[in-house]
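Participant: Single-letter residue listing:
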Amino acid sequence: MTVLEPFLVCGAAKSLQDRSSSVRAGDEELVALAQSGNEQAFEQLVERHKQKAYHIAFDFCRDREDAKDLSQDAFLKAFVNLKNFDGRSSFYTWFYRILVNLCLDYKRRQKRSPTDSFDETLEPQMERSHEPSQPRSPDQQVLARQMSRRVDAALQALPAKQRTAFILKNHQGLSIKEIAELMQTAEGTVKVHLHRAVTALRHSLAEFV
Amino acid sequence: MQLLSPCTNLEENLVLFHYGELPPPERFSLEQHLSGCANCTAYLKDLSALLPLTVKADDPPATFWLDYNRELRHKIASTRDKSWLPAKFGAFFQPRLLTAFGAIAVIAVALTLTLGKGVWQSRDVPREDEALMEVLPMAEDLDFFKTMDVLDNLDVLEFMGNQRGPA
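Chains as they are written, first to last, in the numbering used here: chain A, 1 to 209; chain B, 210 to 376.
Same shape as in the complex, but just chain A (with noise of 0.2 Å):
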């Protein structure tokens, strides 16, 4: 096993196109009950979307208990404003794109009160989150903190549409169409924000390759 190994996740980055479509149907009727007032079929929606709400503020943030707060601050606002959903677009819909805003707003905020988000404090958490399932070497350990440190870095780098278009097809496998949705812009953009993304990521991490 390589030092890289516990890094190749894409795979389990699967397209969410289908799962999406066949849930939508039922998040329609759940969201119609919410709105009039029953809690339990709010909760469910909580249930359906909360890893993946979860999985996406921990890809912009790379941060657990920051992630799990983002994740929920977007149930909270959807909740008080699901009177003024209107159905135009799905819930699912809707429901990420509150959640890219408050994870751009996240980043945001944190390039005005920087913080080393690489520190010692967080290393633990973040090296757990990465743990390989057969025990590495302390050098194997080492490279993988560089390279973790390096990785992090080049994705902070990026302009935030980039970075959004970026994490939302490589990490979380969402398709072209689903990304324009979110983002609000052309699938046209996205694409191009999509390969400047790749292009910097792919220079910034040359030593990687």
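The set of hints was computed from the structure by calculation and includes no laboratory data.
Take the hints with a grain of salt, since some may be wrong.
Below, computed lysine-lysine pairings styled on DSS-like, alpha-carbon distance capped at 25 Å [as the list claims (entries may be wrong)]:
1. 52/A x 265/B
2. 284/B x 77/A
3. 107/A x 284/B
4. 107/A x 265/B
Chain B residues, not near chain A, derived (Cβ > 12 Å throughout) [said to hold, decoys possible]:
5. 222
6. 231
7. 242
8. 263
9. 278
10. 283
11. 286
12. 310
13. 348
14. 350
15. 351
16. 363
17. 368
Think of the CB as a built atom: it goes at the ideal place given N, C-alpha and C, for glycine as much as any other residue.
Let chain A serve as the given structure and place chain B on it in line with the hints.
Facilitator: Only chain B this time, still in chain A's reference frame:
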């Protein structure tokens, strides 16, 4: 490390090809191109090696999700408690309602000042007696003048009596 540059005009398509987002006609032509272009093939290999490295898996334990649900319920409950009163009172201060209330108030004042004029006058006196009531003060004035005439006459008589002297 020196990165090989792919054909510039195909770079975006190579990214889309990597993610399986290139539509069939363009995909077929790119596949044909790849069979003869070492740089573009190397670029694709780079992407396949590099991009998965940027993904970080995080699989929180079951207890995390229990806390997650509990915390979210608590957040929703506290938001509902906070928002109840402001929502009720806030409804009265919405711009549309304020404008409506203002318009109603202005109309009410205008109606009171125009149509309502005289509404509060007493209706104890029948309408046919109103003319009489209007004349009555004048009649009282006449009585006053008559009284004054009588007094004048009394003065004249007294004067005449004084001139004749005591009988």
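Participant: Are there hints from earlier that the structure breaks, and if so, what are their numbers?
Facilitator: 5, 6, 8, 9, 10 and 11
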